[in-house]
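Novice: Here is what each chain is made of, one letter per residue.
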Amino acid sequence: MSETSHSHESGERLVTMANDIGNYFRAQGREEAIAGIVNHINRYWTPRMRQKLNAYLAQGNSGLDEFPRAAVERLNAQAAAASPQPAAGPSAAR
Amino acid sequence: MVTLTIDDREVIVPEGTSVMRAAALAGVSIPKLCATDQLDAFGSCRLCLVQIEGMKGMPASCTTPVAPGMKITTENRQIADVRRGIMELYISDHPLDCLTCPANGHCELQDMAGVVGLREVRYGYEGANHLKAEKDTSNPYFTFDPAKCIVCSRCVRACDEQQGTLALTIQARGFDSKVAASQDNPFMDSECVSCGACVQACPTATLSENSLIEKGQAEHSIVTTCAYCGVGCSFRAEMKGEELVRMVPNKDGHANHGHSCVKGRFAIGYATHPDRIVKPMIRTKISDPWREVSWEEAISYAASELKRIQAKYGRDSIGGITSSRCTNEETYLVQKLVRAGFGNNNVDTCARVCHSPTGYGLKNTLGESAGTQNFDSVMKADVIMIIGANPTDGHPVFASQMKRRLRQGAHLIIADPRRIDLVRTPHIAADYHLALRPGTNVALINSIAHVVVTEGLVKEDYVRERCEWDSFEKWRTLVGDPQYSPEAMESVTGVPAEKVRGAARLYATARNGAIYYGLGVTEHSQGSTMVMGIANLAMATGNLGREGVGVNPLRGQNNVQGSCDMGSFPHEFPGYRHVSDDAVRHSFEAAWGVTLRADPGLRIPNMFEAALDGDFKALYIEGEDIGQSDPNTQHVTAALTSMECIIVQDLFLNETAKFAHVFLPGSTFLEKDGTFINAERRCSRVRRVMKPKSGYADWEITQLLSNAMGFAMNYAHPSEIMGEIARLTPTFSGISFELLDRLGSVQWPCNAEHPEGTPTMHVGTFVRGRGKFLLTEYVPTSEKVNVKYPLILTTGRILSQYNVGAQTRRTENVRWHEEDRLEIHPTDAEDRGISEGDWCGIASRAGESVLRARVTTRVQPGVVYTTFHFPESGANVITTENSDWATNCPEYKVTAVEVTRVSQPSEWQKRFRDFTRKQEALVRQAGDDVFVKER
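Chains as they are written, first to last, in my numbering: chain D, 130 to 223; chain Y, 7 to 941.
Mixed in with the good hints, there may be bad ones.
[As the list claims (entries may be wrong)] Sample of chain Y residues facing chain D (criterion: CB under 8 angstroms; computed from the structure):
1) Thr-535
2) His-584
3) Asp-587
Hints listed in this document are in silico derivations from the structure and should not be mistaken for laboratory results. Since this is a predicted model, take the numbers as computed values, not measurements. Glycine included, every Cβ here is placed at the ideal spot set by N, Cα and C.
Chain D with its partners taken away, still in its complex shape (with noise of 0.2 angstroms):
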């Protein structure tokens, strides 16, 4: 499988990871839950990981429940505004 149309099959994954997050903490109420999808993916999800599933939302796609997707344009804006200039392509080497 080519790196390109893994790319699409990553995104994917990815959006199923954040809809299964999303799964869990709905029980608790709008605000709660998107806060603790939030959290969630703040601690356990690489920079890169976040970067793909934007890239994979950008091209169009979609599938992201409704807290979720309200999590990642909290974490969005959360990035901008404590980096305006925004990261592009993966952690540079050292």
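Add chain Y to chain D, keeping to what the hints say.
Specialist: Just chain Y now, kept in the frame of chain D:
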């Protein structure tokens, strides 16, 4: 206390002490043959007779309890004559081959003959005897020689009291009495599980290890810890020089109390199996032959590749994986190398695929990522609930202890899709077997909780005092909803409502209710949720914070707990502290002299995804066989193939090594110093008993690699590594090799507050302060049965094989389990025209494999089951990428499949065999010298 007189000496002992024991405490050794401190007194050999003033005859001192004012004579002419007469009878029917007997010099019969002063056997040797009784050599590990048997019944009692299998009996009466296995079968054909308890108990050479018969007596022994399952049995490795004679369970072992199982006791032959590789090898491509090289060249090549790849693809393009095969010190070094040497947090461990949900779930509810009790706690449990675990197979020595408690009258609830042995076993029957459908754990636990909250069974005082009340109220509202009633959930779980209600009431009203669980809880898409559900239930019923209760994850491997404790996680440092925690990170930066990353790294499944995306190109793998153990094998091997440098540090050319570019020969637990941590949080010493066959212990190899990468490590001994761990990890701050040598073992936390460790957690207060109830909404798995895949496959372990079988497949244990089989219910088998032993194709949306069928009612209709010990069976070719939402622990336990009768291997199996043949040929091209020479 009771005061009595023994041989005119005043003795004071606790009430209930036997006369024999009282005498021993007073320094008087009474001769004995059937008595042993590991078993209940039996009084059969009649050697320990004494005279007690006022009592008729000569009572057996082993079965006579002391009484106030008793006057006992242990030795006089009359007693001596009786004892000598008894020995005379024993020896009249015993071979006189001491000089060639395997027990020579270590035979209790020989000793007693000397003690009583036996000089002649007046009966002669011409009468009826048992000297021509034939040996039973059916068991590969020990020999039963009935000609030497004195019918003391120690073996029978050991199988009964210690092991709980009750495979042995004394058949017939009087002169015809003999030890018989099952229905007088050879041991291999009987119910014997080869734990070795009978061999250990035997006072003569009747039951002797074959290794002892072959090699003779050891000349020294070293106490160490088993490298198999999460019980972490303590053993004495008995040695002749550098050669292991036998492994003998240590009576003073805190986890096992002198007991063992077939694996730790006998299955050690893998250490010198012909497959074992002891020389470093490298190759450029995985289609190239392997080339033996020096350690210097191998390490230099590995380091240069890692640096090249980082320079080309970025700092995050490489990572490391540890395993429980290695000690805490070794795991600590790998995570240190990755964080400080590689400059990222891409380090993960074997727990990813087993108990990572335990860490997540218990940390968030109770405050610590580990079980709450020690094993001995089970002896105070009144109701034992086992969920998704099979202790008689996966934790056999602990299961034996649990069975003792159950035989004393504790109640048993089992939640398992399959009828595990404990449901009905000698003298034990589960009060409730909740045979739920795979994938419905949370539905079940919520319905049990529903009963507790709606029938007034909550321990409210406990919850108010110790837990966050508002979180409890939210949880109570959720589980109290009618949707979670047992009646409503019955169609989901398949468990009749009245059984759920009965089980819930039994657990909730117990004085002490203890929950034990295994991978049948964690390896699900709601694994973490289920762990939280268990913790919620334990809190709601007040079953935490004392002995006899608790939430007890049965960690499967010898050091999986330890590898987690050592921070071999992409998101946590040692001691379960997040990498983003500035204070914690700064402490490691100060100690290590580098700046460390604050963002989490890749978990193992994410490493595979990143590899296929082209971002992740190299792995350093110590002791873990991801090519066999991880789900969706084709996905894993595709990821491995896409990497440019895979460094495998292991004993054998395992499934992962077939895709490797550097092979660093590792060391067994016999060849290194360090520590393991078992399922009880018990830290025990692993002691080197022989030199590493490859020249280096695993920690030394990691150190070499680290230095070659430019990050200096200069430890002279693993004790220094533990010293560093203790300085940097509050829960370990009191642990040192000196402490472990003095105490034998300690359960962390071990620090100033708990200088000798912590057997029971959360006493008085939870680690997080107040326990937190977390909401556990049931979310069905996305893995659904349908017309194409109408059955559910679930997986598990078997006693004689261990995990991927790398070790046990290379021992005589294959005699008990030489292949993985597919268990299928008779109804499902009949529907498909499948009979016992037929080859069956098992297909899922991930792949296909072929196994032979075992038709059995142990599984329910609609469910099939297999083990995963043989790579060629391809169990993980069939499992999918579904995983726990919180930790990505694979959902091994729920895979939708179809099973059909076939006549040839699957396509995957054909490719696997070809690939394996090719890779084995490539290793052979490195020359015979790469393989171990000792046999």
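Novice: Confirm or reject each hint.
Specialist: Verification of the hints:
Contact between Thr-535 (chain Y) and chain D, as hinted, is supported at the beta carbon level, the nearest pair being about 6 angstroms apart and thus within 8 angstroms. The beta carbon of His-584 (chain Y) comes within 6 angstroms of a beta carbon in chain D, closer than 8 angstroms, and the hint placing it at the interface holds. Given the 8 angstroms rule on beta carbons, the hint for Asp-587 (chain Y) is violated: about 11 angstroms separates it from the nearest Cβ of chain D.
Figure legend: structure checked against the earlier numbered hints; the only hint not met is number 3.
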